[in-house]
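Enquirer: Just so you know, the protein sequences line up as chains X and S, in that order.
Residues in the first sequence are numbered from 1 upward in steps of one, following this note's numbering.
Residues in the second sequence are numbered from 1 upward in steps of one, following this note's numbering.
These are computed hints drawn from the structure, not numbers from a lab.
Where hints are given, some of them may not hold.
If several chains are the same, the list does not tell them apart, and a pair holds so long as it fits within one copy or across any two.
Here are the simulated DSS-like cross-link-like pairs (lysine-lysine), alpha carbons at most 30 Å apart as the crow flies [what the hints assert, rightly or not]:
# : residue 1 : residue 2
1 : K193      : K18
2 : K169      : K25
3 : K7        : K28
4 : K18       : K43
5 : K25       : K101
6 : K14       : K28
7 : K78       : K132
8 : K132      : K164
Number of protein chains: 2
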Amino acid sequence: MTSNNVKAVDDLVKIISKLPGLGPKSAKRIVLKLINNREELLKNLTNTLAEVYKNVVRCKNCGNLKSTNSNCICASKKYEQICVVENIADMWVIESSGVYKGHYHILGGTLPALESKKNDGLLLSSLINRVKKNSVKEVILATSATIEGQTTAHYIQDSLKDSKVKISKLAQGLPVGGEIEFLDDGTLFSAFKNRGPVSTD
Amino acid sequence: MTSNNVKAVDDLVKIISKLPGLGPKSAKRIVLKLINNREELLKNLTNTLAEVYKNVVRCKNCGNLKSTNSNCICASKKYEQICVVENIADMWVIESSGVYKGHYHILGGTLPALESKKNDGLLLSSLINRVKKNSVKEVILATSATIEGQTTAHYIQDSLKDSKVKISKLAQGLPVGGEIEFLDDGTLFSAFKNRGPVSTD
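Isolated chain X (complex conformation):
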């Protein structure tokens, strides 16, 4: 090799190409951009990553990200609704849609559909505690419409049946813009089962 092949640069390309959606080519492009913008990008990115590594953790109570040196939002206020999601990405999507403005509970995954695997990292018991301790009036189950997501929703429903909290889950049916011709049987079944009266106004 007659280009210098600085080891740190090679390492950087390797790490970046492991990130989702990126490969060796796009990683190289990113590394060049970083090197060509030392102060504005490379330095900023380095410092911000270090900051996140040092100071951002997941709250053990609600699963959300929090700063190590401040209390999580889940401890601070009274709230009436909790939206239960599988992971942070799901929360971000719901949040950026603006459809829901309440509090979240991030499970950190789903229960396995089969009993074989144990999933002790899930924040299930802390959800029950949050509901009991606070004046929560509604738990909205926003887990995915997969077998695992629905298994988890059922489990939560079951665990909360003794409390007086209202439990709801996201409606299933036709997605907006969905054509009947291309719908799968499961969605079609849900759409028929959950059909509602036509509003006449």
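Given chain X, put chain S in place with the hints provided.
Expert: Chain S alone, transformed into the frame defined by chain X:
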């Protein structure tokens, strides 16, 4: 906002979404991947970026990347060929193709086609020095086939005309897989002008 919106995480998403090929959505996906792989990815990436920021600079002689605490490859050995490219990305492409294994000179851009702009960041005089000082026998001009790239190549050719070095430039013609029907006039003109005898073996 009722998700915690940790500032460092928001900042990280913003910076990453500025990188080439990435937007807010892919940046969020990358940030989540990093947070979910603290030690393996987040820490490694942070340290490697810091290392690159601290220890990787561009050599002022040949334009290549080098480690601050070691000599650049351009100072160390005798070499007979120099391939002149516009930027590091071009060098990486040539290098990974395996077509050329010699030394490089990275200009850091091109001369402007019009005289109006000055481009004093270009490593042009150091190229002349390298050719004079070393026993270089061939300078391969591998600048782009754009107006600016060709202007730069002409300028270098002109600057080196007093030295005895052989100057060559990349062939122009049909790209491999190129269909005549879709070729532009310029490429077609080059392909005709540079036509060669058919080998009969």
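Enquirer: Just pull the numbers of the violated hints for me, sorted ascending.
Expert: Of the numbered hints, just 1 does not hold.
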